[in-house]
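Chemist: Given only the sequences and the hints, what does the whole structure look like? Please build it.
Residue numbers (our numbering), protein chains in the order written: chain A, 1 to 395; chain B, 1 to 395.
It is possible that part of the hints are untrue.
Where chains are identical, the list cannot tell them apart; a pair therefore holds if satisfied intra-copy or between any two copies.
[Said to hold, decoys possible] Straight-line C-alpha distance at most 20 angstroms; calculated SDA-like pairs for lysine to any residue:
| id | residue 1 | residue 2 |
| --- | --- | --- |
| 1 | 227 | 214 |
| 2 | 128 | 40 |
| 3 | 384 | 212 |
| 4 | 275 | 287 |
| 5 | 163 | 203 |
| 6 | 128 | 152 |
| 7 | 275 | 230 |
| 8 | 227 | 136 |
| 9 | 128 | 373 |
| 10 | 87 | 180 |
Hints were generated in silico from the structure; no laboratory data involved.
There are 2 protein chains.
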Amino acid sequence: MTLGADHPGSGKHKVAIVGSGNWGSTIAKILAENTEAQSDVFQKEVKMWVYEEKFQLPDSHPKYDSSKHSKPSNLTELINELHENPKYLPGVALPEHIIATPDIKDCVADASILVFNIPHQFVPQICKQIEGQHLPYARAISCIKGVSVSEDGISLFSDSIGKRLGIYCGALSGANIASEVAQEKFSETTIGFSPDDSKLKPLPEGLPKVDHELIQNLFHRPYFHVKMIDDVAGVSLGGALKNIIALATGFVDGLGWGDNAKAAIMRVGLLEMRKFGKMYFSNSCRTATFTEESCGIADLITSCSGGRNHRCAKLSIERGKSVDEIEQSELNGQKLQGTLTAKEVYEFLKKEGTTEEFPLMTAVYNILEGTVKPEELPDIIDPKSPKRSPSPHKL
Amino acid sequence: MTLGADHPGSGKHKVAIVGSGNWGSTIAKILAENTEAQSDVFQKEVKMWVYEEKFQLPDSHPKYDSSKHSKPSNLTELINELHENPKYLPGVALPEHIIATPDIKDCVADASILVFNIPHQFVPQICKQIEGQHLPYARAISCIKGVSVSEDGISLFSDSIGKRLGIYCGALSGANIASEVAQEKFSETTIGFSPDDSKLKPLPEGLPKVDHELIQNLFHRPYFHVKMIDDVAGVSLGGALKNIIALATGFVDGLGWGDNAKAAIMRVGLLEMRKFGKMYFSNSCRTATFTEESCGIADLITSCSGGRNHRCAKLSIERGKSVDEIEQSELNGQKLQGTLTAKEVYEFLKKEGTTEEFPLMTAVYNILEGTVKPEELPDIIDPKSPKRSPSPHKL
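Modeler: Now the structure itself:
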């Protein structure tokens, strides 16, 4: 590793992004726009690690050139040639100083700020490849949605990345449908970031402190407003638990119960999300994150308005099929996050003996299992309500 | 006034409802279902005051009888004959023990619980007619949405009713689209009720105490779940301020900005609603009412999903017309609540010198006035955000 003029020793942060899917490419675009706009703090170039694969550029692409594109090309080469990710974010211009690389070591080697945006199941193997290759004083942000839940407990992907690499890692989450952000439609996001600098490898002299202001400046765009908070756990939990609630609202919409019922389910769901954070991350989770921030209430609203979990749950009721069957017929082999999270969270709650404290999340699992009917939701979420016989009056 | 077996002296509460529109008739149905189901506490009969008008029953009505219905009839007589409000809630069966009356004195005379559900502009004149005619120990609930805002300050309709009649009046509000509740689709509601019994005329001996449990029992149905709280101001404020936010989300939807942007506006709107309650009703308003209860977050969600304020604001952007013009062309002479509330709240905030503390609500007024463009909303609601030049990268 040679120290060039652009090395962090130059007093400027170098940013790298690990991952290049729909959301990864969108975040890369944001980062690169900001490194260019703030050349006093950031080096312009942003390296983006791409899982190398072959891609056949369609001949309908405006830059299709039969002399080069008649056969499948490496995706990294296409990205660097077209300044676009034609497979995962087609039609969106990427800044030319995003450099796609298939070599993870090359990507992270001299980056003082690492941004992770990969499918969560790849976290262990990617971290293994990065270990020892990155700058010891690097800081990281995870844009990976959700948390890892097992019977042993719940862990945050940001914590997992941080521990594996021996660095600090915060988390970004919000009401951020990637395609809308990529088109520069306005949205907000939340970044949880609270490093204890006294326990971290110090930054080289001259390199600006990586604090809330710097991270906000790195991610904030006129169309992507960033709110910085300390609560990393709350940011991550919201992005996982909302998918369970989105399934519940899908069931209710499938029953044709209307907007009142849907809003009621969302309200109860939000309170269960908050209670979960309070109960299992009491030291690190502030309850206001759920009710006040983009990663809480706003992300919940977006996920219950559209999104795959909501849609598949709705179709399952309308067609009288299981959500698994709908997933298979509608999603071309992709997997629903919500059904997996509902199962994991249920198993965790069962082990903790707290399923009754979370009646809505528990009911979603039971509806998926076929042991509870969605029509029972009103009584389930409000078990203390007075029971009355149905109205006998008919026209 | 003679004391019959069913007089409150009998140990049972008598319930009357003042108002019979869409929402009033729906609430009457709920009340009557509960008075029938709980004959130990309530007298079965529920009187409903109806503003008398002539109504021509359409010959397509299943109970149309040309010998009776060929000419317009009194609405009260039709309601009592058909057990349906054919003008304002057609197609919904009302319990036969709802007795419609055009005589307000007859309606309230021996009622120990009065429920108000009239257009807010009629509150003063109706209260004048009721004054001195009601039981001195009656308790009341207002289902009138919103608050009264003027330059002099903000007053709750429930307070206004209570003061005019010298009785206590609580408030009911929630994510309650009337037509869905009338069809017995599931919803929740919030009732704010906190009488200081020591300052009220005591109930006759033997008449059950009018507390949270009794009021919940009077309104709760299997399809209409009631949460009782003390915060009357919060319940009432939510129902008013949400209409301003619904206009804002309509503007954003009209711009085609997508679900992320809409959720962001709702999030910011909810926080401004809460701040308003905290700032101007600090003694009587709990902030959690907005973020946790049906009358807060859930009602906001429903109003921003559909509803007239949202729809008219969206159309105004799509068609390049003012919201007033859209109101005239789309609403058949009905008036939007949101535009009026936005103006009233703006004038109040201006007088208080706090418009900058409520940038979203202020922006909605300015957009309605044409002095601000809806495209400016992101910067307006987040005035401290770092300003960056727009992205120069195009494909």
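Chemist: What hint numbers does the structure not satisfy?
Modeler: Those not satisfied are hints 2, 6, 8 and 9.
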